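Read in full-length UniProt numbering, the sequence shown has 195 at position 195, and its numbers run on one by one without any break.
If you're looking for bench data, these hints aren't it; they were derived computationally from the structure.
Any given hint could turn out to be false.
Stated by the list, open to error - Quick list of in silico lysine-lysine cross-link-like pairs, DSBU-like style, CA-CA up to 30 Å:
1) Lys-323 - Lys-299
2) Lys-329 - Lys-215
3) Lys-323 - Lys-63
4) Lys-20 - Lys-171
5) Lys-299 - Lys-105
6) Lys-228 - Lys-288
7) Lys-385 - Lys-329
8) Lys-50 - Lys-116
9) Lys-299 - Lys-329
10) Lys-288 - Lys-323
11) Lys-73 - Lys-63
12) Lys-228 - Lys-201
13) Lys-228 - Lys-109
14) Lys-215 - Lys-226
15) Lys-224 - Lys-279
16) Lys-63 - Lys-299
17) Lys-201 - Lys-215
18) Lys-21 - Lys-116
19) Lys-337 - Lys-323
20) Lys-145 - Lys-171
21) Lys-202 - Lys-228
22) Lys-145 - Lys-50
23) Lys-116 - Lys-224
24) Lys-57 - Lys-323
25) Lys-57 - Lys-317
26) Lys-329 - Lys-171
27) Lys-73 - Lys-109
Everything numeric in this text was worked out from a predicted model, so none of it was measured.
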Amino acid sequence: MERITEYCTGCRACEQLCAKKAIRMVADREGFLMATVDGNLCVDCGLCAKRCPQNRKDLLHGKSLATWAVRLKDEHTLYRSASGGAFAGWAAFVISQSGAVFGVKYNEKMRAVHVKVETWEELQPLLSSKYVQSDTGNTFAEVRKLLNEGRLVLYSGTGCQIAALRSFLGKDYDNLILVDLICHGVPSPLLFSRYLELLRKKHGANIDEYDFRDKRGGWGLGYKYKYKNTHKYGTAVSNPYYAYFLQGYTYRECCYRCHYACTERAGDITIADYWGVEKYHPDFYSTKGVSLMLVNTRKGGCFWNQVECDFVCQESKLEYAVKGNQNLKSPTIRTDKIRDYIYDGINSMEVEEYFAARFPLHPSLTQRIKDRMPVGVKLWLKRMKRQWNP
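Make the full structure from the sequences, and use the hints.
Structural data, given as C-alpha cells:
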C-alpha cells in the first residue's frame, strides 16, 4: 500500500474488502482520506493491492456507443438540478422500479457523503452539485447486498469511485447501473469545512445548505447557501473556494494524474454539463440547462431505451462533447506553486487570515458588475447575445 499512497483516491474499496479489518481511512494533513494499514492485523494476502482500481487497467469501457444532449421534461426537477437533470431522470426511473439509488448529500455536519435513497423525497438532497470529495462510507458493501437480493441499483459518482465499485464487486451485474460524472478534480473535505467556517464567522450562524449550481440566474455557475432563514447568492468570481476550484488549484494529488480523464469511461452512463452545446446544437440550448450523456455499454443502452421518454433529446457527437469538457481528454494540469501554497497553512492559520492570504480574488470591473447584476438583466443579456451571435 505504501507504494501507491500518492495515487490513492480515498475510494475505500480496499478497506471494505479487507477481511482482517487491517485497513482504515485516515485524513492526511490536507484533509484527504488515505488508506492506512495496521501491520499488526495485516496478513499480507495482497488482496488490497490486487483490487485497488489504481493498479488496474481493465476497469474502463471502450469508445462510447452514443452521445446525447438531454434535458429533463419535468421542469420543476430540471430547475433543481445542476444542468439538464440527467441524474434526476435516471434516479427517478430506478426508484419507480422499486430500486435503490446511491448518490451524494450533505450530512448534518455539512460533509458530502454517499447515501442510499429509495423514495422521491429522499432523492431531493442528492440533486445539487457538491464540489468537494465525497465519502463513500460502507456503500460498496451495501450495493453488493442489494444486488444479491435482486434489487435494481443505480450508483453515481466520480470516475475513480465507479471504477472502485466495479473492482470491489469483482463482476458485472445486470441489475446495476453505474453512472460516472466527468470530473475536474476534488478539493478536500477539510478545505470545504474551513470555507464554511469562514461563512459561519461572517454571518454568526451555521450554514444549513449549500448549492454550487443555483439556477436563479439561469444555467451557469451561480451558487447559493442558507443560514437561519436567509439565502445568499453569488457567482464563482466572488467566491474564493469556488473560484479556485474552477481554476484547478485545490484538487487531490491523484486528480492531476487521473486515470479516468479520458473518453473511455468506467460507468455504463456518463453525465456532465453540456458546455458549448449552443455551438453545435443552437436550437437545443436552454438557459434551464442541458446535460451531456454518453452511453458506454449495451446494458446502459438498454436502460436508456426505458428512460429516454422522460427527456427531450438531441443526438450529438463525442468530438463535440470533448471540446466542451476537457477532462474527457486529459486530467487537470497541476499548478505546483499555487496548489502547494493553498494547502500550506490549512491547519495552522486562523480562517480569516488563511483565506485572505491563500485565496486572493481580483475580479475585473466587468466581472464585478456582472456579479451584482439583477437576474432578469442577466437573462435578457443572454438572450440578446444568442440573437446577435447565432
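Structure-based check of each hint:
no., hint, in the structure
1, Lys-323 - Lys-299, "27 Å, holds"
2, Lys-329 - Lys-215, "28 Å, holds"
3, Lys-323 - Lys-63, "16 Å, holds"
4, Lys-20 - Lys-171, "22 Å, holds"
5, Lys-299 - Lys-105, "27 Å, holds"
6, Lys-228 - Lys-288, "28 Å, holds"
7, Lys-385 - Lys-329, "29 Å, holds"
8, Lys-50 - Lys-116, "27 Å, holds"
9, Lys-299 - Lys-329, "24 Å, holds"
10, Lys-288 - Lys-323, "21 Å, holds"
11, Lys-73 - Lys-63, "28 Å, holds"
12, Lys-228 - Lys-201, "14 Å, holds"
13, Lys-228 - Lys-109, "15 Å, holds"
14, Lys-215 - Lys-226, "15 Å, holds"
15, Lys-224 - Lys-279, "28 Å, holds"
16, Lys-63 - Lys-299, "14 Å, holds"
17, Lys-201 - Lys-215, "26 Å, holds"
18, Lys-21 - Lys-116, "23 Å, holds"
19, Lys-337 - Lys-323, "28 Å, holds"
20, Lys-145 - Lys-171, "14 Å, holds"
21, Lys-202 - Lys-228, "13 Å, holds"
22, Lys-145 - Lys-50, "22 Å, holds"
23, Lys-116 - Lys-224, "25 Å, holds"
24, Lys-57 - Lys-323, "25 Å, holds"
25, Lys-57 - Lys-317, "26 Å, holds"
26, Lys-329 - Lys-171, "27 Å, holds"
27, Lys-73 - Lys-109, "34 Å, violated"
In this structure, only the earlier hint numbered 27 is contradicted, and the remaining ones agree with it.
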